[in-house]
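Dock chain Y against the given chain D, drawing on the hints supplied.
2 protein chains.
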Amino acid sequence: MQSTTNYLWLISDLLGQGATANVYRGRHKKTGDLYAVKVFNNLSFLRPLDVQMREFEVLKKLNHKNIVKLFAVEEEHPDMYERAVLRKDHQKKYGATVDLWSIGVTFYHAATGSLPFRPFEGPRRNKEVMYKIITEKPSGTISGHQKCENGKIEWSTEMPVSCSLSKGLQSLLTPVLANILEADQEKCWGFDQFFAETNDILHRTVVYVFSLQQATLHHVYIHEYNTAALFQELLSRRTSIPLHNQELLYEGRRLVLDPNRQAKTFPKTSRDNPIMLVSRESVATVGLIFEDPSPPKVQPRYDLDLDASYAKTFAGDVGHLWKTSESLLVYQELVRKGVRGLIELMKEDYSEIQHKKSEVFHLCNYCTQILEKTEQLFEVLMQANMLTTEYDEISDMHKKVLRISSSLEPIERTTQDIKSKFLPGGLLTDSWTQQVGTHPKDRNVEKIKVLLDAITAIYQQFKKDKAERRLPYNEEQIHKFDKQKLVLHASKARSLFTEECAMKYRLFISKSEEWMRKVHHVRKQLLGLSGQLISIEKEVTMLMERAIKLQEQLPQKVLPLVSSGMKPQAYLSQNTLVEMTLGMKKLKEEMEGVVKELAENNHFLERSDGGHV
Amino acid sequence: MQSTTNYLWLISDLLGQGATANVYRGRHKKTGDLYAVKVFNNLSFLRPLDVQMREFEVLKKLNHKNIVKLFAVEEEHPDMYERAVLRKDHQKKYGATVDLWSIGVTFYHAATGSLPFRPFEGPRRNKEVMYKIITEKPSGTISGHQKCENGKIEWSTEMPVSCSLSKGLQSLLTPVLANILEADQEKCWGFDQFFAETNDILHRTVVYVFSLQQATLHHVYIHEYNTAALFQELLSRRTSIPLHNQELLYEGRRLVLDPNRQAKTFPKTSRDNPIMLVSRESVATVGLIFEDPSPPKVQPRYDLDLDASYAKTFAGDVGHLWKTSESLLVYQELVRKGVRGLIELMKEDYSEIQHKKSEVFHLCNYCTQILEKTEQLFEVLMQANMLTTEYDEISDMHKKVLRISSSLEPIERTTQDIKSKFLPGGLLTDSWTQQVGTHPKDRNVEKIKVLLDAITAIYQQFKKDKAERRLPYNEEQIHKFDKQKLVLHASKARSLFTEECAMKYRLFISKSEEWMRKVHHVRKQLLGLSGQLISIEKEVTMLMERAIKLQEQLPQKVLPLVSSGMKPQAYLSQNTLVEMTLGMKKLKEEMEGVVKELAENNHFLERSDGGHV
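Those protein sequences? They're chains D and Y, same order as listed.
UniProt numbering puts the first residue of the first sequence at 1, with every later residue one more than the last.
UniProt numbering puts the first residue of the second sequence at 1, with every later residue one more than the last.
Isolated chain D, as found in the complex:
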């Protein structure tokens, strides 16, 4: 047990190890409270004194829940401390931009699991290449990687696939990172700008959006005061689905966002209850992008340092598999939910079309009847030599409406065809989603977690073993057994991931892609039907309006004949004409009523299209 005046710790309770210090789980002697104890090694005292001191000064000022608070600096060995304090300051001064650079490197490391600038032999072994990387880094890039000996450095402006951050957050953080990992002092951001930009990010809220056909989950970072227009613009950038093709769903209903609506009034979303984005046009399925795990490789040699390092790698790799397996399941569950929603959407569309169809059908019949009657009337008047014109037009209109009526027949066939697809076994059921892919009840994620926990427990033990430097016989045997277990657990996790989670996921995604393609065809059919019905409705309405006009004009065309002294035939008395005029007026009113009602029905259907009052 090691100690300072106020703190004590066990060498075996090692939490972390760095180049200049180890961190231990320690206790305060007077309160028993747990503390992290950072113990600097000899190497640390080779750093310039102001660098050594600055760490304490900066940490003393910091007070944030995500940053370890510095409580005290105490000496384990006074002589070493003095040696360090007395050492001359012989290296160049570092400025604030170096601190920002370190923040950038630390951040990249934390977010991706690897360092941003990597000479082939590693940063410590090839200082020349490292210097070259750091001084020559092109603006805008955030990482440089030398992939073979003396090879050229590959620069990247984007985070690698291994990055654990959402694409939405990446898109906001990458520019920040590029501006603090800036080799040119002139261009490099100062602290003020850095804090302003990171604060802006911290004040955003996340809207979770699942792009159904693409099968991608998006975290849209947005300010509460931003509008729906901006939100949908961000969505189109993230998904390449243009605004006019974006249909949104939330909790099973169409979500129509007024362009000026502020983000703070959007429905509350979460990863498991996101807004669903459905594209009106066909889009390629993307799914979750992940790397296949590489098989675990270890040296069989008994080496406590190396074994601890293997265990750390395995814990990291299997931890990554666990998170990925969970994401794969979440994606499949979201596709399942989206498919159910899409089916309901199509059922609604189908119902509307059925309704519209029966309306148009009645309208056609009504129009046919009216034109028949009008034609009869004109025929009577013609036979009475009271009219010479416009008889052909009525007849043409009559033929036209009959032709239109007959075009309803193929529409009827298509709707019957679509209806059959909703039946069990039909194209538009979601039974396939239950048959393929992984499901929560498979518990693959939980199985990998059990293996991860076992690996983590071994890693914890190996860290302790490493701190012990030498193990007694029994412990050495257990260590060796655990090392075998480590490899076994990691292999098992890998095969569970590859052969269960990933394989079934891929099959699910390909089935989903296939289904979406078919569904897209049906949706186009529905859209086509709806368009046809609306154009038929317009045509028929126009015919009816024309018929009304013709009838309106009729009295003026007939009455002048009466007043011009031409003798009407006996049965066409003045009273009969009045009655006929009244009858026609009534007919006109009725037709106007139907036209008005149609307009209102359309209004109703348009409104219910939005799903909202």
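Hints in this document: simulated from the structure, not taken from any laboratory.
Fair warning: there could be bad hints in the mix.
Because identical chains share one entry, a pair is satisfied inside a single copy or across any pair of copies.
In silico DSSO-like pairs for lysine-lysine, Cα to Cα no more than 30 Å straight-line [unchecked claim]:
id: 1; residue 1: Lys264; residue 2: Lys419
id: 2; residue 1: Lys29; residue 2: Lys466
id: 3; residue 1: Lys492; residue 2: Lys464
id: 4; residue 1: Lys504; residue 2: Lys449
id: 5; residue 1: Lys447; residue 2: Lys167
Okay, now just chain Y, sitting in the frame of chain D:
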């Protein structure tokens, strides 16, 4: 480190402690695999030999993932083993029913955290009362509790509130428990019946249902082949909401289950995505039933055994608080989701009523026009002395339809009133759900979990400390500090639970109850409006049918006058009459068309009421 031929373990790696044995975390010497090592103490050898042996025999036969598998029996001290084996069998034989009784007691203990049969001083200290309990237990009861010294035993037929099982599972298991905790050997179930009954339970699936107004989550255990009728019957038993008042929602849509539909085709539910049950009639809000935590009490005295026992109690209590806090949050989130769903449902109902209203409005107008024309026609015919009867009826009908039309005005006012409630700030928005209660972002559940983890870590350490019997100075100090921490953490968890989780939850539930009451009123209004509109529609339709009938009969009433030789007036030529007859025929056809269309519209609305094609 202790060992047998093949296994080794540390006394400090104690997993569990019983009356006759301790269980340790051990390892196999040749493989390093982890094993649970059960080490019997001296007391265990006082049991009859056949009881000692049966444990091994039964365990050897058992092979189930939920039951620890017996790998080997090895001797730590051969002399003790021999002593046990040589001991004479001097006690009475136990039968299979005793094993079932033990299963029952074990099960009750695991499910509730306490033993079913409790003499005031505890089962080991008052064997007389214990004997009385065991022999006199009334059939059907599953627990007996003596609450004061020499007090009478309180029997119960139900699980206590502390039971961690869902009510649904309790309802299935309680009868099984009552039948194996049966004092009367004649009535007690045998193994066959026990296995048949438990197997039946194991083969059921769970349908998750959230009763919205009651704010209760139900696990309905049902066989895949059971029908919706049975499911809804079970629901009504669990919720006291009769079948005819049950409205179901799933993913934001009405779910109408055909009574014969099998459970295996029900939509997939989970705790976070249950079927929502909405009662058509007002029901009382229940919410989650939980007990307020009692304040942690400890003796300040340093006592390793007692401290380990405190730590265990605290871990259990805070674990219970953690689970409860999570359930409270889940309940609130489900109410929020249900409220959103209910609002959408009412919007749909409102839209339908609006649509129906405009239909009925047009129908009234149309009917008024028709009756006006008919009245005019009859007046003309009356003036021509061609009719004497039925003029009054038409006039009455005309007045009636005018009176009906005027009754649409208050309906219009009520719908406008309801519409205003949907607006922001209105009664029918869900903004209150965001303002009150706890939310996932409060992270109270996670905060309690952090405290629980700290308590559990201390409990693990205290178990080790207890096994050590005596601690060195530093460890003793740490133990004492940890004991203080234990009380602090437990108090903090308790106040977080009481003052945040429970208090805010209660406020949320009371707000929810209030809102549901108001919503129930609005839904009654909507239902009333719908009923009024339908009855108006019926009345008007009847008036129109009567009008059609009167017009149909008209030619027969008019024509006989013509054929009877009575001279018609000059302007009523034969042709005019033919034309009038034609006109009336047309009018009749139109009205029939309207009636047909109305029937179809109703059919459409009824279908869309179910939300399905």
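Cross-check of the supplied hints:
Only between protomers do Lys264 and Lys419 lie at most 30 Å apart by alpha-carbon distance; the minimum there is 23 Å, versus 40 Å within a single protomer. Proximity of Lys29 and Lys466 under a CA criterion of 30 Å is satisfied in both settings, with 26 Å inside one chain copy and 22 Å between copies. Only within a single protomer do Lys492 and Lys464 lie at most 30 Å apart by alpha-carbon distance; the minimum there is 25 Å, versus 32 Å between protomers. Taking the shortest alpha-carbon separations for Lys504 and Lys449, only the intra-copy value of 19 Å comes in at or below 30 Å, while the best inter-copy value is 34 Å.
For the homomeric pair Lys447 and Lys167, the shortest alpha-carbon distances inside one copy (28 Å) and between copies (29 Å) are both at most 30 Å.
Violated hints: none; the structure is consistent with every hint.
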